Structure formats: structure tokens, C-alpha cells
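A.B. asks: Letter by letter, the chains look like this.
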Amino acid sequence: MKLSGTHTIGATVERTFELLIDPEVLARCMPGCDKLEHRDDGVYDMAVSAGIGPVRGKYTGRVTLSDIQPPERYTMVVDIKGTTGFVKGQGVVELAPEGEHTQITFEGDVQIGGPIAAVGQRMHASAARLMTRQLFGAIDKEARASEG
Amino acid sequence: MPVSKSVGARIKRREDPRLIQGLAHYVDDIKLPNLLHVAILRSPYAHARINGINTDAAQNLSGVKSVVTGDDVKDVIGGIPCAATDPEGFPGIKVPHHPVLATGKVRFVGEPVAAVAATDAYIAQDALDLIEVDYEPLDAINSAEAAFADGAPIIHEDWDDNMAFTWSIAGGDVDAAFAEADHVVSQRIDHQRLVPNPMETRGVVAQYLPGKDQLNLWSSTQIPHLLRTQISVMLSMAENHVRVIAPEVGGGFGCKLNVYAEEALLGHMAKYLGQPVKWIEGRRENFLHTIHGRDQTGDVELAVKDDGTILGLRYTVSADVGAYYQLLTPAIPTLTGLMLCGSYTFKNVQMNLKAAFTNKMATDAYRGAGRPEATYLIERMIDVVAHDLDLDPLEVRRKNFIGKDAFPYETGTAVAYDSGDYTAALDKALKIADYDALREQQAELREEGRYLGIGFSTYVEICGMGPSAAMPAGGWESSTVRVDPTGKVTVLTGVSPHGQGQETTFAQLIADGLGVDIDDIRIIHGDTDTVQYGIGTFGSRATAVGGTAMVHAMGKVKDKVINIAAHLLESNPQDIVIEDDKYCVRGAPESGLTLGEIAMVAHVGVELPEGTEPGLAESHFFEPPNFTYPFGTHIAVVEVDADTGEVEIQRYIAVDDCGNIINPLIVEGQVHGGIAQGVGQALYEEAIYDESGQMITGSFMDYALPKAHNFPRFELANTVTPSPVNPMGVKGVGEAGTIGSTPAIANAVIDALKPFGVRHIDLPLRPEKLWKLMQET
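Protein chains in written order, with the working numbering: chain S, 1 to 148; chain G, 1 to 777.
Hints may be right or wrong, so weigh each one.
[Stated by the list, open to error] Derived pair list, reagent style DSSO-like, types lysine-lysine, alpha-carbon separation capped at 30 Å:
id	chain 1	residue 1	chain 2	residue 2
1	G	K65	S	K81
2	G	K12	S	K2
3	G	K347	G	K399
4	G	K428	G	K305
5	G	K431	G	K707
6	G	K271	G	K305
7	G	K754	G	K772
8	G	K65	S	K58
9	G	K5	G	K556
10	S	K2	G	K769
11	G	K431	G	K31
12	S	K35	S	K88
13	G	K582	G	K12
14	G	K305	G	K754
15	S	K81	G	K74
In case anyone wonders, no lab produced these hints; they're calculated from the structure.
From a predicted model like this one, the values you see are computed outputs, not experimental measurements.
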């Protein structure tokens, strides 16, 4: 499944970038995030609870950030699995100034497997869009709160 | 068959009161003391190496009795069998070992990897979450095309490619036909993968009795005896120590004509745990790990003359059979080959099939099993010919029909159609439809921008399976007819009805044949300790073959009853007749004897004629000399909504000829359900695996089944051309509706879209697909 989109964050590129790689901020902002800990050098341990339709479950795994070029871009690899399946994905996140604000553009490819793949497949893309909107919306709030 | 007291009458199904009152006993209704519940861990990957399995945490969960993996059972449970692997029939066939639990590698999503037995079903399910499997994902294959591509990952590493088997059939002189043709009409035809979806999913209960060394296995199966044989082989048990019981079975449509991993696995677990075990398949498991149907894609070419006469057919096809074979996987496309000529006279025919291993569940018999592919293909192509040559599809059919005087008719594929009158069925359907008026209405509506379509299917199919010589595992059937001392009749039949109504139709035949009240007849099936060996219910065979076995056994009983009656009435057997359910001397009904009175004499054993064995029970094993070939004409009238692409079925006319009819109500029921399933394939259903081999249509939210509101009231009728293959003249009707309806609907929808220049559209004909086509032009 291809995922892409843009979001505007009410902060400078530098500030936005800091927020995006801060595990505490991400843990607060990511929908369903139970845990996000920076282990070493761009590798984060993650636990999330998520579900689509009747298939809900907990997923644990790892998020790896690489090719980090502050404050412009980084590559993110997600590899989590749980009792109801697995999610693997990778994508590139790019930041560009937009006046006082920052436009985030992301593009990636996600593979979903196991029981969650078999159910509600047509809702996966919209569920993913919803979750990214929630994530960046929450980060935007954090950014505006810390600015103000 | 003339309507007598019972046969031919619209008698309500005797099965239904218990079914609709919730009094039937399915596998899940079997309750045994100390029953353990089994849950199966299934692969989330389409293709992966298993580098290790850690079951410690699951084993330690309170309530868990046992966790087993592939390594635990690989030496004690044999492979899952396939009965159609003869290399003479399938040159170069590769037959991979098919373990009940994966070892080393998983090859499709849903493949069983481990099993947990626990004190309740919820604990068993929770324990699955605690099993850690170290998978190393591999690239997956989701189509035959991908399987045959250069550099494709290899699914079975004992070989160096994914070619499962090849198969071909040829008749006549195809090259000459194409050389002679005025036109070659070609089209790629896709038969999408389908999920059979019986109302009751599969389920198994197993119980081992150590004192008798006996395994009792309840399974929701169509083939209890064949299953017993295979289970005894897989578990290395003596076959006469294995008892298989098919209790009430809530539909099968072919998907329970099989031997599955869970059946052997639970048998093994019951024995080694010393406790009975139960596994009931969830609906999502059913989508992943009960066989699928169809999944062929091929190129058809027809050699045609200017006037629409068909001279020959070539079909080059790939079948995506999944990762392993189930019981009959390779045999299914061969039925397509046998029926490629349809109702038409051309004899130059060739089919070349290549079957591919892919990372999917196996395909196998699904209602129609190979024949829907043949019928859809030829019936669709008739319309394509009509389109290309600007002819009326009806006239192309008439021009090529096999005439009614040509039967028995040997086709180009060397099968012998038993009897038929294709024109009569077509004419009857046209009359019901008021065809000319429909075409006028279609023209008027087109002026208004409304798109009505009329589609035909003049199918012939192959039923009553079948002669043993043409079957992978026996095509005969068995029956025992017993009369108790009090005159009650018990029939033991080797077939295994699961919705077809033989408890009613068989009783109708006995009631008339023996002169006994229908309520005094009991039909027993599905228990291998009670019933003599039989083959089972599939391929529209139960009445044509199993019913015939019963009629022959009943004939032997009746001969004996008449002999005893003649002795008691001091008359000759040839003078004994049944009048008002009494055996009497012709013309003297007042001194007649009931079946009960004669049965009592047979059992008391004192007044029997000299040399007559006591008792009153006879058996018969019937070997049919041929298949039967039901046929008919289906006409669909649809309207495609120009704004939404939605298809509304306005009328559906089906004239089926299944030979003589024992119970019209049951025949209609079979046709109703069959049409619904065929319409499902035409309009809604499609099992889709994504590029990584995940099945993305694994629930009823994602896989559309037709619903009652999708259908008009069907307009049904029959023609009756008795079959010469059995004494009742019946042909079988379990699959006709499914086989006939898919092409009728497809042809109707494509006819509706003729103003848009549409020549062919692949199934299913979903609104988005049709709407896009209409927008493009």
C-alpha cells in the first residue's frame, strides 16, 4: 500500500524536526502508542494498540530512522508485529519552510500481513490516512503550544 | 417418471423441521466429557522460512494441555492426500509432501503451523498469541503468471520451477478447422478465484477409546467413508478401528469433499492426549484454509465460418492451484476439458493446461467443479462470435446445437452425452421470456438512455459422477434396504447428504416401491460404523448413483416380499400386486397383507417358503455405465444503471432438464441456490491475494456474497428428457443453476452495454468496472 501526504506544522523547520524525532513527543502524539523508547542511534522500540473493524491488537517492534539530514529529511523504517498480524513499511519524510511554518511531505510503502490484511482491506488506506492526520495534528498542537 | 403416490409430488423436506427448530446436531453440537478445545496457529506470511518455534509460554498458560508443532507430528501423521496424481494423466506432475503442520517453511497465508489444546476455546485462542515463530519472509507468488516468470521464487525446493502439472485433451483435427475458418475469434477469459462459503464452516471432534483402540471422528464432511480410509492411512491405524461420522452438515458445495489437516491432527491429538478434542473453524479461517474454486486464465480461439458455424476451439490455459494439492486439485480442470464443446456440434477441440504452484490456498471442487469454467467459456464465446460477426447470439446457438436425434452423442472430447433436446429447452425459455417483446423493450429503453440486457446460457453439464473408470477414487455407490419385523424401513445409503434432501426423495422412492407410509421410512447416512462403504455426495451424483443403488436394493427386498406374500396367499409371485399399500393377489385386495405383516413372517422364520433365508435386508452396489448430462436454457434480463454501474436483475428464467423429477420442490430449491451462487461469481465474488500473498478478501466485509434482495422471483420450468443411464431416468440438478447462471448474467450485462462498444468484460461485473467503461465512451 502506497502512503503519501502533506501536513503543515505551525513551527519552524528546525523546531518541527526536533519534535519529529523526540520519542517523548512521538509517544504522546502517535495514536494508540503504548511505548516509544529511543534505543540507540535512530532505533526506537515501539508498542502500539491499533485495530481495523473487528481485528484489534497490540503490536510491538522497531522504528528505525536513517539518512537523517536535519532539518530537511529522514528515512523511516517501521517493522512491528502482533498477534493479529504485522506491518512493515518504509518512507521518506521531508520538511520545507512555508513562511513561518513547515510543510511536511511524506511518501512510503506499507505492507500489511496476517489477519489484519484479510479484513477491511479497503479501509486500510483511509485508516492509515486518519492515523497520520492524527499524528501530525497532534504534533502541530505540541508545536503551537511550545511556541506560545 | 409418472406422478404416483409419492414420486413426482411436491413433498416438503422431511429434514427441515429439525433444521428450522434448531434441533439438528452439527459437529459443534457434539458434547463429550473432558472435551479439550483446539485452536490452530496459522502462518501470517505467504512464503517464509521457519527458523524456530518457541512454545514455552503457551505451554505454561494455565488451562493449556498441549501445544504441538510440525516437528512433533511429522513422523506420526502422514501427508495430506491427493487422489489425482497419476503421471499418465498428468505428465510431469510434481507431488509435494503436504504436511498437516508446516515444517521448515510456510507456503501460504493460513497454513497451519501449530495447534493448542486447552480446557476451553478462549484459552486455546489466547495461547496462540504466546507462541513465538521466527519467520524469515521470502518473496511470494500470487498468480500463475508470476509463478512461471523467469527468476520466480521457488515454492517447492525439491524442484527447480513452479510448474505443478500439465494436462491436455484433443479431438478431431483442430489445425484443419482453423485452416478452413472464415474467422478466428479470440478472447482471453478469466475465471476468478472463489470461496465456497458453506453456512456451516468446517469442524472436527475426535475421541479415542483405548480399550477398543478405536478412533471416533466427527467431521463436517461430504465423504465420511473416503475420509475414514485416508485418516487410517495418515494415522497408521487399522481402517476398521476408525469410525467417521458426518453428523448434520450445513452445506459443502464441494469444499467438504476433501481431507484436511485438522481431521488427521485432531485424530492424532485425541489419541495421544487420551481426551476428546474439538476444533470448530472460524469464518476467517475458512476463507484462508478451506479450498477455493476456479482460478484459471486462458486464451480461447474459435474457428468460425461466416454464417456462425463453429468449426473448432483452442484453449490455452494456466491454472493457479495454490501451494499444495488437496484431494482432487489436479482433476478439476480436466472436467473443464471434457465439457468444452458444450451443446454444440463442433468436434475439433484442443485444451492445453499448465498448472502453477503459487503462495495461495489450494483450489479444488467448488459447485460445478471445472464445468462452470467450460460453460462460461463457450457460452461467453458464442456471444463474442455473434458480436464480431454481427449475428444474433440466439441464431449462433441454434445453428450449432446438437440435434435431438443425435443422442447418445459422442463429443470431440470423447464423452457420450446420454440424452438431450437442447432446442426444446431453449424454445420453452424463449416463450416464458416473451423474447421478441424483450428486444423491443430493450430498443425503446435505449432511446431513453437506459440499458437493458438479455443474456443466454444454453448449457450442458456432466453429472451423476460417475463410472469408476473415469473417477479418481471410485464412482459407484451403495445402499442397504432393511425392513424391521414391524414393517418400518431403514435405508443405509453410502451418499452423505448435506442439504440435497435425500432423506425426502429417497423415502419417496421407497414409499412407492414397497407400499409403505413415508413416515415409516428412515434414511441413515454418514456413519461409517453403521453404513456400508460408500463414496459420498458430490458431482450431482447422490440420486443418480446412490438413489439407483437404493432402488436396486429395494428391488431385491421387494422380490423377497412378493415371494413370501405369494407363499402366504397361496398364489404365484407374478400375480402379486401392491394395492393400497397391501400385497395382494391381483383382483383380491381384501385378503392383502401389509409390508409389516410380511416382514414379521420373514423375521419369525416359521412360515417362509422352502429355501428362503430369514430376515429382510438387501444391499446393492451400483456402478453407473456413464455420466449423465443435464442441460437447459437460462435467460437473464438485467438493467445496468448508467449513473452508478449497478446491475439489477429484472428477470431470471431457467428451464432445466434434469431428466425425471422425484420432487419438484427440491429440484427448484437446488436451482434457486445454484443460480444465486452462479450470480455471485458473475457480479460480486472474487478472492484476491495481494502482491505479498496476503488474502485481502478474508471476511464477509470484504468478500461480497449475493443476498436475497439482489434477486427477482425466479421463473423456473423444466423439460424432461429421461436419462438412459439409470432406471429412474434422473440426471442430477445440484450444480445446474451455478453452471447455467454465470454466463447468462455475464452475457446479459455485456448485451446491455453493447451501445458502448463493449465486447467482453472479466468477472465479477462490479458497478465500478461497468461505470468506468460507460464513462470512457
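A.B. asks: Indicate, hint by hint, whether the structure satisfies it.
C.D. replies: Do the hints match the structure? See the list:
1. G:K65 - S:K81: 27 Å, holds
2. G:K12 - S:K2: Distance ~55 Å between K12 (chain G) and K2 (chain S) Cα, so the pair is violated.
3. G:K347 - G:K399: Given pair K347 (chain G), K399 (chain G) holds - Cα atoms ~15 Å apart, limit 30 Å.
4. G:K428 - G:K305: 28 Å, holds
5. G:K431 - G:K707: 28 Å, holds
6. G:K271 - G:K305: Cα-Cα ~66 Å, so violated.
7. G:K754 - G:K772: OK: K754 (chain G) and K772 (chain G) at ~15 Å, within 30 Å.
8. G:K65 - S:K58: Holds, at about 25 Å.
9. G:K5 - G:K556: 21 Å, holds
10. S:K2 - G:K769: Judged against 30 Å, a Cα distance of about 22 Å means the pair holds.
11. G:K431 - G:K31: Violated: K431 (chain G) and K31 (chain G) sit about 55 Å apart, past 30 Å.
12. S:K35 - S:K88: 18 Å, holds
13. G:K582 - G:K12: 25 Å, holds
14. G:K305 - G:K754: 23 Å, holds
15. S:K81 - G:K74: 28 Å, holds
Checked against the numbered hints given earlier, the structure breaks hints 2, 6 and 11 and satisfies all the rest.
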